[in-house]
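S.K.: Start counting the sequence shown at 676; every next residue gets the next number (our numbering).
Don't take every hint at face value.
[Stated by the list, open to error] Derived Cβ-Cβ restraints for the label pairs, each shown as a range:
{"id": "1", "residue 1": "S822", "residue 2": "R915", "range": "16 to 26 Å"}
{"id": "2", "residue 1": "Q854", "residue 2": "A755", "range": "41 to 51 Å"}
{"id": "3", "residue 1": "T763", "residue 2": "L900", "range": "20 to 30 Å"}
FYI, nobody ran anything at the bench for these hints, they're computed from the structure. All C-beta atoms, glycine included, are put in the ideal place defined by N, C-alpha and C.
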Amino acid sequence: MSPEMQREAQRQQLLLRALWRDAPNDALHAWLCEPREGTVARGLAAYRANAGAIAERALASAFPTVAALVGDGFAGLARAFWQKHPPTRGDLGEWGIELPAFIAASGSLASEPYLADSARLDWLVHQASRAADGPADGPALDALGQSPPEGLRLALRPGCALLSSQWPVAAIWHAHQRQDDDRFSAVRAAFATGVGEHAWVRRNGFAVEVDSIDCSSARFNAALLSRACLAAALDAAGDRFAFDRWLVQALRQRCLVDVQTLTTVTPR
């Protein structure tokens, strides 16, 4: 890195530290040309206010369920998160992956233990909305009848993701997609029984859908996401898993995009 680039990097780092009050305002004076009295303080105050507003808008876009659950306190959460984990890329749509862990570690949010997993689900939905479209045509299924499951791998559409939670995160997410007066009834029922959920995230055209799936399907999908062969995925799913029913639904929902024949057969 050239001396000019090093100097610019130092200047930007110092500006960020000053914005978040990790460095005094007057630390910037040496980097400015003839700074007038009060100019630095006023400029930093404007930057801080603008950065906080940008942080709130960016996080609310990526984490709408969390924003709704936290309510008026979301602005403070966004600003605290921005200070702890400032963006490292120009695209703010890629910022926020650390928020679930940030929430889980927050003592002030300990009274809402489901909030971190709601943030994890929001992030998976956000990532799915930005995923590649994948192939337009359905997969060829000939290999399913021609090769043993040890020699096959089922490829899922980009954006597919799974979140297994002790909380009814799918019900919470769906409740915040609706506007009717009874939208929280399923959430209340799930909390009353202490039932968690396996939330399956998938693209549906330009929209993203979230399904609550059973344990066998969750184990099967998790194995596919880890790129296991079909035989290993079936073993993980267990005896109660109905592959034919899963296949029909996966084709209808366009989750399955390819049946791949492996050149090296994976032993079970």
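S.K.: The structure should be examined with respect to each hint, and the outcome stated for every one.
M.R.: Tested hints:
Evaluation of the 16 to 26 Å hint for S822 and R915 yields a pass: the beta carbon distance comes to about 25 Å. At roughly 30 Å, the beta carbons of Q854 and A755 sit outside the given window of 41 to 51 Å. For the pair T763 and L900, the beta carbons lie near 26 Å from each other, so the given range of 20 to 30 Å is met.
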